[in-house]
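> Now for the letters of each chain:
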Amino acid sequence: MTLDIDFNDYHLVFPIAIGTLLAVLLVAIGIKAIIARFREGSDKERQGFRFFDRGFDWKKLFGSLVCMVLYVLLLTPLGFLAASILFILAISMIYNPTSNKRVLAGITANAICTPLVIWLVFGRLLDITLP
Amino acid sequence: MEIFAILSPLSFLLVIFGVFVGIIFGSIPGLTATMALAVFLPLTFSMDLVEGIALLLGLYVGGISGGMIPAALLKIPGTPSSIATTFDAYPMAQKGQAEKALKIGITASIIGGTISLIVLYFFAPLLGSVAINFTPVEKFLIIVFALTIIASISEKSLLTGIFSGVLGVFFSLVGVFPTNNQLRLVPDFLQDELYSGFSLLPVLIGLFGISEILRSSEQGLKTVTKNKVKMTKERTENEAKFKFSVFKGQTVNTVRSSFIGTFLGILPGVGGSAASLMSYTQAQNFSKHPERLGKGAPEGVIASEASNNGLTGGALVPLLSLGIPGDSTTAVLLGAFVLQGVSVGPLFITDYPDVWQAMIYVLLFANIVMFIMMFSSIRYFARILAVPKYILYPIILLMCVVGSYAINSGVMVDVWTALIFGALGFVFMKIGIQITTFLIGFILGRALELNFLDSMQAHNGDLLIFFTRSPIDLVIWALIIASVIFGIISNRKKGITVPEDQNASPPRKADHSQ
Numbered sequence: 000m001t002l003d004i005d006f007n008d009y010h011l012v013f014p015i016a017i018g019t020l021l022a023v024l025l026v027a028i029g030i031k032a033i034i035a036r037f038r039e040g041s042d043k044e045r046q047g048f049r050f051f052d053r054g055f056d057w058k059k060l061f062g063s064l065v066c067m068v069l070y071v072l073l074l075t076p077l078g079f080l081a082a083s084i085l086f087i088l089a090i091s092m093i094y095n096p097t098s099n100k101r102v103l104a105g106i107t108a109n110a111i112c113t114p115l116v117i118w119l120v121f122g123r124l125l126d127i128t129l130p
Numbered sequence: 000m001e002i003f004a005i006l007s008p009l010s011f012l013l014v015i016f017g018v019f020v021g022i023i024f025g026s027i028p029g030l031t032a033t034m035a036l037a038v039f040l041p042l043t044f045s046m047d048l049v050e051g052i053a054l055l056l057g058l059y060v061g062g063i064s065g066g067m068i069p070a071a072l073l074k075i076p077g078t079p080s081s082i083a084t085t086f087d088a089y090p091m092a093q094k095g096q097a098e099k100a101l102k103i104g105i106t107a108s109i110i111g112g113t114i115s116l117i118v119l120y121f122f123a124p125l126l127g128s129v130a131i132n133f134t135p136v137e138k139f140l141i142i143v144f145a146l147t148i149i150a151s152i153s154e155k156s157l158l159t160g161i162f163s164g165v166l167g168v169f170f171s172l173v174g175v176f177p178t179n180n181q182l183r184l185v186p187d188f189l190q191d192e193l194y195s196g197f198s199l200l201p202v203l204i205g206l207f208g209i210s211e212i213l214r215s216s217e218q219g220l221k222t223v224t225k226n227k228v229k230m231t232k233e234r235t236e237n238e239a240k241f242k243f244s245v246f247k248g249q250t251v252n253t254v255r256s257s258f259i260g261t262f263l264g265i266l267p268g269v270g271g272s273a274a275s276l277m278s279y280t281q282a283q284n285f286s287k288h289p290e291r292l293g294k295g296a297p298e299g300v301i302a303s304e305a306s307n308n309g310l311t312g313g314a315l316v317p318l319l320s321l322g323i324p325g326d327s328t329t330a331v332l333l334g335a336f337v338l339q340g341v342s343v344g345p346l347f348i349t350d351y352p353d354v355w356q357a358m359i360y361v362l363l364f365a366n367i368v369m370f371i372m373m374f375s376s377i378r379y380f381a382r383i384l385a386v387p388k389y390i391l392y393p394i395i396l397l398m399c400v401v402g403s404y405a406i407n408s409g410v411m412v413d414v415w416t417a418l419i420f421g422a423l424g425f426v427f428m429k430i431g432i433q434i435t436t437f438l439i440g441f442i443l444g445r446a447l448e449l450n451f452l453d454s455m456q457a458h459n460g461d462l463l464i465f466f467t468r469s470p471i472d473l474v475i476w477a478l479i480i481a482s483v484i485f486g487i488i489s490n491r492k493k494g495i496t497v498p499e500d501q502n503a504s505p506p507r508k509a510d511h512s513q
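Heads up: the sequence lines are chains Y and W, in that order.
In case it helps, numbering that gives the first Met the number 0 puts the first sequence at residues 0 to 130.
In case it helps, numbering that gives the first Met the number 0 puts the second sequence at residues 0 to 513.
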């Protein structure tokens, strides 16, 4: 059993092999799932596959996703400090929508202090590149 | 003393800082030891290797140990590795013995940590010296073994486990192939960005930082506090006080659990939860009073906590001797070595004796710091549970972004990589792909490819070489087959026990998965 490969095609051996293996595994998983369904029959009420939890908190989930994407987009135009402060303010409000003044003060303090501390420690003290 | 020649004063401070932060990460449910390392990894960028490792090992030890706090007080493991701690520590806390339970756990932790450290010290060089003689053929097979064993212990099924690992390998192939400089699996418009593939560190940050937070947001950031037990003022009754004499008669249990943890740590990809559950089950099997376990028996706490700290040293064995991470946390540690341009593998201990010595000292010191810190101020650490998540999570997300940006000194692609893998990790959690297995596949993918092609090149493409080069190949093949068979059997067992076992909190025998 030998495997003849042209040097110029070396880079393709693994992608093809692994891709095929993935496909085979997928088919196997599929067959197994079908057999399992077949065995269970219709006597039991099957629970359909749910991607999200029942009654999941979509505001927080998608809110935080959107915030992160916006944050990364705004990093370059706004600079690290401004973008980070806005980001923490926004995402904290999504996580904990409130009008309680004490909580708001806490969030604001956090939004200002954290980026500042990170900026000082990373950017100034340790000389790590920041956006 | 030698230790002071190897470790700078700064290293000691970093260990202390690391343990402190680690305990905090460990004690907040939803934040894990792995996440702590991933978030702090970029900080090590400006340090030398030993200092960086000092910080990360401190985080590791602290993170694994901190998980017992919510396990006892909230009945939620702070990190997955404290899962079995909840079974007995929480009932103890309900009886007003929270502090006693935690102190038992802390003491068991340091014993487990020390035993695993000794094993690491003697075993890693041994394994390394065997592995030095490995040719690409053996290296290829060892990686295959690492992947099959991870898959076989996977929580869902063997098939999805293998699928997760192979998918990780697939993702690692993206980018240029160094031998002939050809790009593959890269869409045309991303050629510049993905030229060298996905960087490891943003992937880690995404998978272990961002995706966990997304998952938590989906659940509405709620911490179940309805079970909360307060750490009441020490009762005057004798029973509620911690004494070291609790350990009398528990020597066997402690040592056994430490070794179980260490051994499972050595197997690549086996997480802390498996170690914790397995030694708990063993404690149950050998206990003189098995009926007491699950109702607040100190021996349950000992079993779980000794084994999860035993993991720390064990997981470093394959990393330092073979270059294969023993669990997700050591995978992040591997990232630190990559960051410093140090390759870990069979030659590591001989090539970097100083770093190796330093790691041993750091681990020892970290365990001692953990013990002193937690033993003296466990009450204060317990208050961390009250810090609201809407304050914590934004900070962690910020660190994730800053971290992935800083790793290659400022490339936006890395930040996007972290975000994408964060979202991907979230999807993985949902569709049952195991993140740790995926990650190990991702980390080892390139090495797998290189060793395969090298073997082919050296032997004119003879595929049978994987069986015939040396007797050790057959041994590794036997291990691979054994791990697959073990996976199939334990899957079957799980299939049978799970339906009847759903509500029981202390697990039965076969249920030692995640």
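Since the hints were made in silico from the structure, they are not lab data.
Among these hints, one or two may not hold up.
BS3-like cross-link-like pairs, simulated, lysine-lysine; straight-line CA separation at most 30 Å [to be verified]:
hint : chain 1 : residue 1 : chain 2 : residue 2
1    : W       : LYS294    : W       : LYS221
2    : W       : LYS429    : W       : LYS287
3    : W       : LYS227    : W       : LYS294
4    : W       : LYS221    : W       : LYS102
5    : Y       : LYS100    : W       : LYS247
6    : W       : LYS94     : W       : LYS388
7    : Y       : LYS58     : W       : LYS247
8    : W       : LYS388    : W       : LYS221
9    : W       : LYS388    : W       : LYS247
10   : W       : LYS429    : W       : LYS242
11   : W       : LYS221    : W       : LYS247
12   : Y       : LYS100    : W       : LYS388
13   : W       : LYS429    : W       : LYS294
14   : W       : LYS388    : W       : LYS242
15   : Y       : LYS31     : W       : LYS247
16   : W       : LYS294    : Y       : LYS58
17   : W       : LYS294    : W       : LYS102
18   : W       : LYS240    : W       : LYS429
19   : W       : LYS240    : W       : LYS227
20   : W       : LYS102    : Y       : LYS100
21   : W       : LYS221    : W       : LYS242
22   : W       : LYS102    : W       : LYS388
23   : W       : LYS221    : Y       : LYS58
24   : Y       : LYS58     : W       : LYS227
All of these numbers come straight from a predicted model, not from anything done at the bench.
> A separate judgement is required for each hint: does it hold in the structure or not?
Tested hints:
This hinted pair checks out: LYS294 (chain W) and LYS221 (chain W) have alpha carbons roughly 27 Å apart, not beyond 30 Å. Of the supplied pair hints, the one linking LYS429 (chain W) and LYS287 (chain W) is violated, its CA atoms being roughly 41 Å apart against a limit of 30 Å. The hinted pair formed by LYS227 (chain W) and LYS294 (chain W) meets the criterion: a straight-line CA distance of about 17 Å does not exceed 30 Å. For the suggested pair LYS221 (chain W) and LYS102 (chain W), the alpha carbons sit about 28 Å apart, so the restraint of at most 30 Å is met.
A hinted pair counts as satisfied when its Cα atoms are at most 30 Å apart, and LYS100 (chain Y) with LYS247 (chain W) does not qualify at roughly 54 Å. The suggested pairing of LYS94 (chain W) with LYS388 (chain W) holds, with an alpha-carbon distance near 28 Å, which does not exceed 30 Å. About 53 Å separates the Cα atoms of LYS58 (chain Y) and LYS247 (chain W), which puts this hinted pair outside 30 Å; it is violated. Restraint check for LYS388 (chain W) and LYS221 (chain W): the C-alpha separation of about 9 Å stays at or below 30 Å, so the hint holds.
Restraint check: the Cα-Cα separation between LYS388 (chain W) and LYS247 (chain W) comes to about 40 Å, which exceeds 30 Å; the hinted pair is violated. A threshold of 30 Å between alpha carbons decides the hint, and for LYS429 (chain W) with LYS242 (chain W) the separation of about 45 Å lies outside it, so the pair is violated. Only pairs whose Cα atoms come within 30 Å are accepted, and LYS221 (chain W) paired with LYS247 (chain W) is rejected, the gap being roughly 40 Å. The suggested pairing of LYS100 (chain Y) with LYS388 (chain W) holds, with an alpha-carbon distance near 18 Å, which does not exceed 30 Å.
Using a Cα cut-off of 30 Å, the hinted pair LYS429 (chain W) and LYS294 (chain W) is violated, with the two alpha carbons roughly 33 Å apart. In summary, the hint linking LYS388 (chain W) to LYS242 (chain W) is not supported, as the alpha carbons are separated by about 35 Å, beyond the 30 Å threshold. Simply put, LYS31 (chain Y) and LYS247 (chain W) have alpha-carbon atoms about 50 Å apart, too far for the 30 Å limit, and the pair is violated. Proposed proximity of LYS294 (chain W) and LYS58 (chain Y) is contradicted: the alpha carbons are some 40 Å apart, above 30 Å.
Of the supplied pair hints, the one linking LYS294 (chain W) and LYS102 (chain W) holds, its CA atoms being roughly 18 Å apart against a limit of 30 Å. This hinted pair does not check out: LYS240 (chain W) and LYS429 (chain W) have alpha carbons roughly 44 Å apart, beyond 30 Å. Under the criterion of a C-alpha separation no larger than 30 Å, the hint pairing LYS240 (chain W) with LYS227 (chain W) is consistent with the structure, at around 20 Å. For the hint pairing LYS102 (chain W) with LYS100 (chain Y), the CA-to-CA distance comes to about 39 Å; that exceeds 30 Å, so the pair is violated.
With a CA separation close to 36 Å, the supplied pair LYS221 (chain W) and LYS242 (chain W) exceeds the 30 Å bound. With a C-alpha separation of about 27 Å, the suggested pairing of LYS102 (chain W) with LYS388 (chain W) holds against the 30 Å cut-off. For the hint pairing LYS221 (chain W) with LYS58 (chain Y), the CA-to-CA distance comes to about 14 Å; that is within 30 Å, so the pair holds. Proximity of LYS58 (chain Y) to LYS227 (chain W) is assessed by CA-CA distance (about 27 Å); at most 30 Å being required, the pair is judged to hold.
When each numbered hint is compared with the structure, violations occur for hints 2, 5, 7, 9, 10, 11, 13, 14, 15, 16, 18, 20 and 21.
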